[in-house]
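Engineer: Each chain is listed here by its residues.
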Amino acid sequence: SAVISQKPSRDICQRGTSLTIQCQVDSQVTMMFWYRQQPGQSLTLIATANQGSEATYESGFVIDKFPISRPNLTFSTLTVSNMSPEDSSIYLCSVIVRYNEQFFGPGTRLTVL
Amino acid sequence: AQSVTQPDIHITVSEGASLELRCNYSYGATPYLFWYVQSPGQGLQLLLKYFSGDTLVQGIKGFEAEFKRSQSSFNLRKPSVHWSDAAEYFCAVATGGGNKLTFGTGTQLKVEL
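The listed protein sequences derive, respectively, from chains Z and W. Last residue of the first sequence: number 107 in the working numbering, and the count goes up by one each step with no gaps. Last residue of the second sequence: number 114 in the working numbering, and the count goes up by one each step with no gaps.
Where hints are given, some of them may not hold.
So the derived label-pair ranges between C-beta atoms look like this [claimed, not checked]:
hint : chain 1 : residue 1 : chain 2 : residue 2 : range
1    : W       : ASP55     : Z       : GLY10     : 50 to 56 Å
2    : Z       : GLU48     : W       : GLN59     : 39 to 45 Å
3    : W       : ALA18     : Z       : SER78     : 41 to 47 Å
4    : W       : GLN109    : Z       : ARG4      : 19 to 25 Å
5    : Z       : THR105    : W       : SER15     : 34 to 40 Å
6    : W       : SER15     : Z       : SER63     : 44 to 50 Å
7    : Z       : THR105    : W       : THR56     : 40 to 46 Å
Don't read these hints as lab results, they were simulated from the structure. Note that beta-carbon positions come from the ideal geometry of N, C-alpha and C, so glycine has one too.
Put together the whole structure using the sequences plus the hints.
Structural biologist: Right, here's the structure in full:
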């Protein structure tokens, strides 16, 4: 498995502002992902964070709203831009350590007022 | 497109009773299937996985799941539930070469003492 940490663990933000969430892994991993879990909902994949190239976004998610950086094989950031109350969610990063096994970070609980 | 259905939104069982959580999937190829558990305020923990081979798979915490291709199901079972098993359980199918997870809507398990 892998030890995954996220910062911040939670935040309360004003609408129109941006928040950057960090994800740190204790080992080098090739595959890293960002998911969103809206209140009372399941998890939805936002994007695959690619090291050295632009992230690959899923349908319904765009780079202008959720810019992602992946400067190396142990770290990634997700920014939630120009936030609205609808962005209130838990944001989780995940990594693949072994073949097709995904491990998740503890999540960042975001509330937008 | 792939999808995962968890028909039971909430389930309540008594401590010591047996448990079965249902999961049905829709996917055109051989699926990679997973069960995750999310305790309150926690990230997701991988309980078990099915890739191929034996259709009955064992996981952590005494859980097991059985893959039934004819029924497109991957139900999670535990013979005797403990109060600490109270949590939300998510079934997921992997696509995109096994890297992208599509989650079900989750089943909230309550354990009565």
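Engineer: CB of GLU48(Z) to CB of GLN59(W), is that within 39 to 45 Å?
Structural biologist: 40 Å, holds
Engineer: Taking the beta carbons of SER15(W) and SER63(Z), is their distance inside 44 to 50 Å?
Structural biologist: Once the Cβ atoms are compared, 48 Å apart, the range 44 to 50 Å for SER63(Z) and SER15(W) holds.
Engineer: A range of 41 to 47 Å was offered for this pair. Does it hold for the Cβ distance of ALA18(W) and SER78(Z)?
Structural biologist: 44 Å, holds
Engineer: Take a look at whether the Cβ-Cβ distance between ASP55(W) and GLY10(Z) falls inside 50 to 56 Å.
Structural biologist: 53 Å, holds
Engineer: Note whether the CB distance of THR105(Z) and SER15(W) lies within 34 to 40 Å or breaks it.
Structural biologist: 35 Å, holds
Engineer: Does the beta carbon distance between THR105(Z) and THR56(W) stay inside 40 to 46 Å, or does it fall outside?
Structural biologist: Because 43 Å falls inside the window, the suggested range holds.
Engineer: Should the hint that GLN109(W) and ARG4(Z) are 19 to 25 Å apart at their CB atoms be regarded as holding?
Structural biologist: 21 Å, holds
When the structure is compared with the earlier hints, no violation turns up for any of them.
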